[in-house]
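Colleague: Could you put the whole structure together from the sequences, leaning on the hints where they help?
Count along the sequence shown from 1, add 128, and you get the number used in the numbering used here.
Now the in silico label distances, taken between C-beta atoms and shown as ranges:
1. Thr133 <-> Asp184: 17 to 25 Å
2. Asp158 <-> Thr136: 16 to 24 Å
3. Ala218 <-> Asp161: 16 to 24 Å
4. Thr133 <-> Gly163: 17 to 25 Å
5. Ser190 <-> Glu210: 17 to 25 Å
6. Thr136 <-> Gly207: 27 to 35 Å
Simulated from the structure, these hints should not be mistaken for laboratory data. Glycine is no exception: its CB is placed at the ideal position from the N, C-alpha and C atoms.
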Amino acid sequence: MDPDTLETQLKAEFDAGDRPAHVVARQARDLADAGQIESDLDHELTADRIVANLRDAPSEYSLVERWNWWLGALELSHGGYERFRIRPDAV
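Modeller: Here's what the structure looks like:
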């Protein structure tokens, strides 16, 4: 998963600023490196898959809220995703 590609997609898709897009892309890279998505869901984590999952979040959510919403769903269904959440005050 290329974080630069993801960052560009996040900015375009969710009208996100530089900082939120960078932080989400960095966390996504860490998530990809952990191999947890591949292990739990049996598919590679890609920028397109991340964007598709974030689109499912409520439309009024910011990019960081969308990320945390998706990770919350993964935490409920599989466990072990809490560590990839983003503190809103960190952005």
